[in-house]
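Colleague: Chain by chain, the residues:
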Amino acid sequence: MFNLLRVVAQRLALGLFTLLIVSLIIASIVELLPGDITQAILGKSATPETVAVFRAELGIDRPVHERYIEWLKGMVTGDMGRSLANRREIAELVGVRLSNTLFLGGFAAAIAVPLSLILGLLAALYRNSIFDRGVNLFTLTSISFPEFFVAYILILFFAVKAGWFPGISNVSTDLPLGDKLFRTLLPAATLTLVVVAHMMRMTRAAIINLLSSDYIEMAYLKGIRPMRVIFHHALPNAWGPIVNVIALNLAYLVVGVVIVEVVFVYPGLGQLLVDSVSKRDVPVVQACSMIFAGVYILLNLLADIVAIVTNPRLLHPR
Amino acid sequence: MQSMLKGLWAVPLTAKLGLVVVMAYLVVAVFAPVIAPYSETEILGASYELWSDKYPLGTDSLGRDMLSRLIFGARNTIGIALAAVTLAFLVGGATGMLAAILGGWYDTIISRIVDILMAIPSLVFALLILTILGTSIPILILVIAVLDCTRVYRITRAAAMNVVVLEYVEVARLRGEGLWWVIRKEILPNIMAPLLAEFGLRFCFVFLFIAALSFLGLGIQPPTADWGSMVRDNATLINYGDITPLLPAAAIAILTVAVNFVVDWLLHRSSGLRDPI
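If you read the sequences in order, they're chains A and B.
Going by the working numbering, the letters in the first sequence line up with residues 12 to 329, in that order.
Going by the working numbering, the letters in the second sequence line up with residues 855 to 1131, in that order.
In silico DMTMM-like cross-links for lysine to aspartate or glutamate, where the CA-CA straight-line distance does not exceed 25 Å:
| hint | chain 1 | residue 1 | chain 2 | residue 2 |
| --- | --- | --- | --- | --- |
| 1 | B | 1039 | B | 961 |
| 2 | B | 1039 | B | 1024 |
| 3 | A | 172 | B | 1096 |
| 4 | A | 290 | A | 90 |
| 5 | A | 290 | A | 60 |
| 6 | A | 172 | B | 903 |
| 7 | A | 84 | A | 103 |
| 8 | B | 908 | B | 896 |
| 9 | A | 172 | B | 1087 |
| 10 | A | 191 | A | 103 |
| 11 | B | 1039 | B | 1021 |
| 12 | A | 290 | A | 100 |
| 13 | B | 908 | B | 1096 |
| 14 | A | 290 | B | 1087 |
| 15 | B | 870 | A | 143 |
Honestly, the hints are just simulated from the structure, not real lab data.
Could you build all of it, start to finish, from the sequences and the hints given here?
Modeller: Set out below in structure tokens:
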């Protein structure tokens, strides 16, 4: 038990360290530009006054380490500075959008996780059957589709041709939950289609791997019913890898959300990021990148820890 | 020759189909100026013209011929993806093999750097760098190659590790062969099969990645024809039930599916991924 806690604590420390390094990279990305960033962003025709104001705004007139520490402090306390484009507080811009993005991601996960577990289980049980081959072909295809293709196909059929769902999901905070779910159904379905394939394939592989082990064969030889073998003998050992797969795919979902938000004009963090990149609004891009990277790292860390907790062999690395 | 034909006959149907599609795309990409009826940038008619004899797939938002842009798009999109993946394989492959052979400090330092780079989601990282450096094709290729060579590094290092410990490599090194010789004659031939499959997978990934960036308006810049940005520019047509803007997206999807089919077969052939029975 003590050993377990120690390894988990080690992982947590490693995760925090990674987060710190990543924040360093994100904060210092401005230094990457050869020459002067103000020229690159404002253009050659900028007057000396605008350049001076802009430099003070970005704070490039101060030393690097001072700026970094201040920025990091701001990120942690929620004071993220102001946007260059419209002078608004970044924290204010980010707040609602972050909750919208988490809502969309959560909604997609709520559909995708059970669906892919069931499909993966069935495909493993009836492997090499027509069902398995069909599912395999379907997942291989849907992994290959760009997200915006899936999104527009759904819009074309369900929003334009059938008219069942709105093609644009403009949600606001005061919308009742039912309406919100209805309007985000198409984007959530898009994300689901993208993620399910991967999750299902990995679930199938994890279970097939288990089913080939000796103790499962023994259970079959004893004459236990197949369903019971799956649920009582195989599944308890499969949870570790499966939860790991889920966490990894949730991490993927967080990033995949960017494109889907743009297609459906969903007011989320991804849209804000893309808009700010095209406006070259550096502070907003930095803040959004840090949030995305943070969530991504945390979910990956979670996957790592789950893998360790459920598989005692990983406690003793060679 | 006969055995090669026989070998080709034994290829599963999906892989054959994939090979044919990939070949077709390459032919279109190479001979784009010959095949395309018009140029990719010339404005020919009104915007959003319908499908007609003159413009087989209509015109786009600025009145350029859709079919011609689709054909030139093959050249631009595939070309950039191939350049980025090749660069990623050169860098990632070389550092990966060196890490496997040299081990020690070199291995530790590079592996930690790769770990950190991989901890940042690549789309976010790419957007961040493109904000600072702006979007141009060389920068795009470079950014994608850097992000992608981390994955190549991991695969190459893992594959090469298994070979480095074998006796014949040790014999070669005891014989006094140089580093380059060992890489070229002993290691590379033995990890070629998984690397080739990985090349296909990476190509799919990068191809979709570029399409995504272009779709967001941050990849290949106008007026160069490119499938991702073509979808974005003409997306309004979808609201009128017109499928034309979906064609470039479908072109992306079909090529990726085809490459995946081929890779699936390659992976099965080089064993390792066979399902236990």
